[in-house]
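Enquirer: Generate the whole structure from the sequences, applying the supplied hints.
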Amino acid sequence: MYVCFEIIILLLSCNFCVLVYTQDPSCCHHAAELFPQCREACEQLLTIRSESRLKHFLLRLPSYCPESLSELWVCINNTLPGASKKSDGWVGLGCCELAISAECRRDCKQASSKNDITKVCKKDTEKPLYSCITKNEMGSVCCSYAGRHTNCREYCQAIFRTDSSPTVSQINAVKEYCQSISPQLIGCVANYTKSYPIRSPLDSLYCCDRAEEAHCQTACKRILHTMSTEQEIMDGLISECGSQPLPQDPLWQCFLGSAHPPTISDPETPPIAKMDYAKLHCCFKANTSHCRNMCLEISTNWGTQTWQEFDQHCEYNPAEMDLITCLADVREPCQLGCKDLSYCTNFNNRPTELFRSCNVQSDQGAMSDFRLWSNGSIKMPFMNIPVLDIRRCQPDMWKAVACALQIKPCYSKSRGSVICRSDCVDILSQCGDGKRFLEGQTPERICDLLSAKDEPERCIPLHRYLTPSPFQNIIEEVIHPCNPSPCPSNHLCEVNRKGCHPGHDCLPYFCVPGCKLGEASEFLVPVDGRIQVPTRSGQVGCYEVCTCGQSGRLENCAEMPCFDTSKTCLIGGQRKSHGVSFRVDCQRCSCFAGESICSSRQCVRSDGSDEDRRLFTGLPCGCADHFVPVCARNGRTYPSACVARCVGFKDNQFVFGSCRSIDPCSPNRCQRSQRCVPRRQVCLTELSEYPCPQYECVSRPVGCDQNQLDPVCDTDNMEHANLCLLFQRSKSLAYMGHCQDACRRPREVCGHNGETYSTVCEAFSDRVAVDYQGRCHAVGVVSEFTSDSGCNAVPCPPLSSRACNPVTPPGACCPVCAGLLQILWNKAQMNTFAKLNRNQPVTVHDVLKILRLHISVPQCDIFGYLSVDSELIVLIVSVDQQPTPLQIEACSKETEKIDSLINSASPTLGAHVPLAAFLHSEVKLSTISSAALTPLSLSLCVFSSSLLLSVAGTLFSSG
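In mature numbering (1 follows the signal peptide of the UniProt record, and there is no 0), the protein residues as written are -22 to -1, 1 to 937.
Since no wrong hints were added, every one of them can be taken at face value.
The calculated DSS-like cross-link candidates involving lysine-lysine, where the alpha carbons are at most 30 Å apart (straight line), are:
1. 199 with 105
2. 827 with 813
3. 100 with 87
4. 554 with 805
5. 902 with 554
6. 805 with 628
7. 431 with 317
8. 813 with 628
9. 545 with 805
10. 87 with 357
11. 902 with 431
12. 902 with 827
13. 827 with 317
14. 357 with 413
15. 431 with 554
16. 431 with 413
17. 827 with 709
18. 805 with 902
19. 317 with 357
20. 87 with 101
21. 545 with 813
22. 902 with 317
23. 97 with 87
24. 105 with 87
25. 431 with 357
The following label-pair restraints were derived from C-beta to C-beta distances:
26. 14 with 323: 22 to 30 Å
27. 400 with 725: 54 to 62 Å
28. 545 with 150: 54 to 62 Å
Derived by calculation from the structure, the hints in this document are not laboratory data. This one's a predicted model, so the numbers in the text were calculated from it and none came from an experiment. For every residue, glycine included, the Cβ atom is placed at its ideal position computed from N, Cα and C.
Expert: Here you go:
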């Protein structure tokens, strides 16, 4: 395209383009001095990095900045994608003069979105208008990647500002100023400019015949043959034809229509999609088709204005609580701890409470909200609530409301950020301005919309935040290195559990490169992680598995078999929907695409006699509780052959003896140039299709990274920086982690998985917590009705804290202070994940490795095993030598958080493979009693904790 439509828009839209071209990037200089609150609110935009916070703030901005500040609104709407809220500043405003009919031009100027003009402005007759809008939408998407980099954004906007084809100099300027800032912007602009081939002026010759005057036709052809620059051609046509470049004129209408290649001018061509796979996960949780469709739209193209309608109809709809909570999880996941707030100070020093948005921006937002409400009205997307002067009427309570809605405490069961109904009714009854209530409005009816629930753990009790935290004067016993995240926006923050190189300091966290789940997503996953995302079609039940590549993008995607979520399960004459969990006797079950998947727990008959209960062992098939261990082909030790047969193994698929007592490298199965290294693992996949090898063949590495720190200890008690160096030096691995003096000599312990380890360090290296000292010799407790077993003869170590009311893991003899999860999972999905990963089996270690990333405090760590009932057992335990009640509570809160994410199928966990196969979780928590703590003697439990204590101590001293 050649004709310069920048001049057309300059002539027709009254300095709109000049305003955009010369704007201050913050736009805030347009906020008049008469409106200091507007300028203050505007300046907060510069500090917001989160899409969700940006969206929330833009919804509130009209309350601070009046309609009269038109230049400010035009600037904001042209600078920020999705910002348009005002009717005089939507993304297509600058295109309205290109409409041919006067009725269309009028409706366009009064519209607040493209949807508002479709009835009057027909796409087949108003192609120049729709082409301009599409171009603006594309520019809004591309240039948003520039962030706060002024020059980059300016040169990007120049590409899209007019309908002229981008010049070589414009394209080069974007590359020069934006290459180092945003590769996404470069790619986005490139996709646009490739569709705009540079055209010769002669390509527009046919338009000259559209001129009504013969002399204009002749002049037009002469000008296009003789003049080369856009400026000369525009000036010549205006001078010779004696008319202004109005789109209603057939000549100019032709130039406008012919300026685009068909792929661009086609009004049906969608703008560049800004995918958000994390949100797309959530859309299928919508209860109404209307909200589901709008959710799909904002998840596949956030640059559209649909999110405004979504907020109004769905964001505060109690019927859509599952959808809204899921979206909140991927925007702002719940994290433990809150501190360093200057306004919402009562929210500080709360290390064992969960919050979504404890940061400076939310703190300032709460202060701004309180000031705004002081004007006498609380403005919401669907109603305004008139109030009295809140500076005099319960100001502390209103401050708590403002802070709660901004900082967003989230409680484990619902993870919602809704204040309790009783608090809502109380504060509106006292401070609501009843004289200005609309007809039919009462505090009770208003609160039915805002705070429908008043259940403990499902709403925010404001009284909690009317006083400071009780921990404000206590030295931090629980730290949160990644809250707030200290890492760049494209990196994840991970707790440093590896310590430091000898003689070097290090931080208590790592910044790990990650991938966003789509161009518009804020949700990051680590590089090399495997991720399950919905297919782009948005069809329910259809997913693909991708890898987060080194480039920072999802790649190597492979589609999974779709499953039918419309199928139901018939249980006891009742229909259960897909994804619903239920109980059959003592078994926990879940309905998955019409199939009931249940645990294999054994149930005692409710009508049984006392003798039946006495003889009940709780073991599969009612097996006797004799401990004669066998090692099955999945790498798991079962307490007897009876149990192994009952869970599905044939006699040729297990051998007598525990798995750790068998040398998988005898005989050596590797080539001469390789060495056989034991690699014991417990597999969760079908053994007939995906074997579960207990060894690997390792060649002696040629070179190793000396700086990579993932410490290992060899059988001579010598430490190496990483496994590669250990193999290079031809040493044998004893356990992962720093060498411990306490593990120099063998001291057998029994793990929760029924395996005997030569040292506690070996058990911890296997991600297994210790049950008791000595060789395993008893079948652990698997049911509350389990008969007396060998556990009675087991001397259990003292608890790590006398303030703890402990839990006993399934299959263990001794109680522990820990949070415990029993997870039901889908074997068919595990098999699919293995097939898509080059037939590599899925193991318990794979699961624990990913779950560990979600444990945000270094004082807690994760352990786990496969139970005899084929459930995944996960323990989150305090690793300090003598944990305080606060540390034990923190581990319980981490457990509750993960349990809630599993049971709500939140993509925060569910996007990760193989966690996507989780169906349901049951939680048991160690609670804290009021008994006073007294120093404890060194016990096995304390002894085992000291392994990680040394690592944690290194972290804390350096961090």
